[in-house]
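Listed here are the chains, written in short residue letters.
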Amino acid sequence: MNIASIGSIGEVSKYGVGSATTSKENRNAAFETLFQAAAKIIEETNRYTNEAEEAEIAFSLGLLDNTHDLQIAQQKANLALQFTVAVRNQVLEAYKEIMNLQF
Amino acid sequence: MINSNAFNYINVLKTAADASWKRNEVIVNNIANVSTPGYKRKDVRFESLLMTALTGDNSLDKRVAGIRADRIKPQVYTDYSNLSYRLDGNNVDIDTESANLAENYIKYSAIMDSITQEFGRLKMVLQNYK
Amino acid sequence: MSIFSGMNISASGMSAQRLRMDVISQNIANVNTTRDENGEPYRRKTVVFSEKNVTPFEEVFMKSAGTSGSGVKVTRIIEDNVTPLRKVYDPSHPDADEDGYVSYPNVNILQEMTDLIDATRSYEANVTAFNATKNMAMKGLEVGK
Numbered sequence: 001m002n003i004a005s006i007g008s009i010g011e012v013s014k015y016g017v018g019s020a021t022t023s024k025e026n027r028n029a030a031f032e033t034l035f036q037a038a039a040k041i042i043e044e045t046n047r048y049t050n051e052a053e054e055a056e057i058a059f060s061l062g063l064l065d066n067t068h069d070l071q072i073a074q075q076k077a078n079l080a081l082q083f084t085v086a087v088r089n090q091v092l093e094a095y096k097e098i099m100n101l102q103f
Numbered sequence: 104m105i106n107s108n109a110f111n112y113i114n115v116l117k118t119a120a121d122a123s124w125k126r127n128e129v130i131v132n133n134i135a136n137v138s139t140p141g142y143k144r145k146d147v148r149f150e151s152l153l154m155t156a157l158t159g160d161n162s163l164d165k166r167v168a169g170i171r172a173d174r175i176k177p178q179v180y181t182d183y184s185n186l187s188y189r190l191d192g193n194n195v196d197i198d199t200e201s202a203n204l205a206e207n208y209i210k211y212s213a214i215m216d217s218i219t220q221e222f223g224r225l226k227m228v229l230q231n232y233k
Numbered sequence: 234m235s236i237f238s239g240m241n242i243s244a245s246g247m248s249a250q251r252l253r254m255d256v257i258s259q260n261i262a263n264v265n266t267t268r269d270e271n272g273e274p275y276r277r278k279t280v281v282f283s284e285k286n287v288t289p290f291e292e293v294f295m296k297s298a299g300t301s302g303s304g305v306k307v308t309r310i311i312e313d314n315v316t317p318l319r320k321v322y323d324p325s326h327p328d329a330d331e332d333g334y335v336s337y338p339n340v341n342i343l344q345e346m347t348d349l350i351d352a353t354r355s356y357e358a359n360v361t362a363f364n365a366t367k368n369m370a371m372k373g374l375e376v377g378k
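Residue numbers (the numbering used here), protein chains in the order written: chain A, 1 to 103; chain B, 104 to 233; chain C, 234 to 378.
If you're looking for bench data, these hints aren't it; they were derived computationally from the structure. Since we're looking at a predicted model, the values are computed, not measured. The beta-carbon is built from N, C-alpha and C at its ideal position, and this holds for glycine as well. Treat the hints loosely; a few may be bogus.
[Claimed, not checked] The calculated DMTMM-like cross-link candidates involving lysine to aspartate or glutamate, where the alpha carbons are at most 25 Å apart (straight line), are:
1) B:Lys117 x A:Glu51
2) C:Lys367 x B:Asp146
3) B:Lys143 x C:Asp348
4) A:Lys40 x B:Glu221
5) C:Lys378 x A:Glu32
[What the hints assert, rightly or not] A short, non-exhaustive set of chain C residues, derived as facing chain B with CB atoms under 10 Å:
6) Ser243
7) Ala244
8) Val281
9) Phe282
10) Ser301
11) Gly304
12) Ala329
13) Ser336
14) Arg354
15) Phe363
16) Ala365
17) Lys372
[Stated by the list, open to error] So the derived label-pair ranges between C-beta atoms look like this:
18) B:Asp173 x A:Gln102: 56 to 62 Å
19) A:Ile57 x B:Ser151: 31 to 37 Å
20) C:Thr266 x B:Asp196: 34 to 40 Å
All chains should be modelled from the sequences, with the hints used to inform the complete structure.
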């Protein structure tokens, strides 16, 4: 028996443990970016919704100069919300698909 | 929508709509003051400001993205041109103002329609991702 | 400045032109009035327009901000004391003076008719402007529909 080859098996197992750790780090980094992006989308949607609501109140108080300001703010808020909901649905779908993978 | 570039064209169109609205107010004031002695007609300066803001070699998308909304606010100016005014010092020509009124209304309608279509395109994209 | 400032401006223009038409109608109705309640012949009246402005502080502020103005108003209705009265020789008239001349009002019918047509045209232009502003506001409400 070649003792050197048995020694190399030990090295192989060490390699396996190391790679599992790095791939877990990669998965964490990927999840971080995804999470940050999702937080940004929600923050932006929140901003547009607040602007639309402020425009509504300003319009009721008679502070606006024209009619299209209100409508444009509302449409932007609607689109941002639609986008957020669509992203959430897509992410949920992807998650369900991954969970359904049989091993 | 993460970088908010989706609404750039809509923002520029909105500034054009604001200028059109202001121009309507100014024209209406000119028409109301057609008999006021010493009154000089007013107008709105906007298209030249937008043209200056859109200079550059990049693609239109990049140039539109680089526009700052406070640089292209519409400005009201008084037209002191002495080419023709009446004995009472008033230089409002009611026929010209009426023509400007009609032209401005058409411009405003077109801008509103363009904004609606831009929103429509964005909505259409989102329809497929229910 | 609100959404309806354009409509208010047009409304002020319509009111001013209508007042002018009323004054012109009064002139025409009194073209032969040789004696009013003061015993004087009727003198032609005219209106004086001026641009509607707010307090002086706001005026300076508005000039720097470049706002569009607030319309027109009639500041005074003045009597025309410059044009001489029309003198007609008629000794049998009860208002004749010692030379037999009667002083008729200094109203020139042709002038008044021209002014009336001008006022009507200005009024109609203001109505058109009002409708244009109203239609623009309605158009703005339909964005995104």
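Mind listing which of the numbered hints don't hold for this structure, in increasing order?
-> 5, 12, 13
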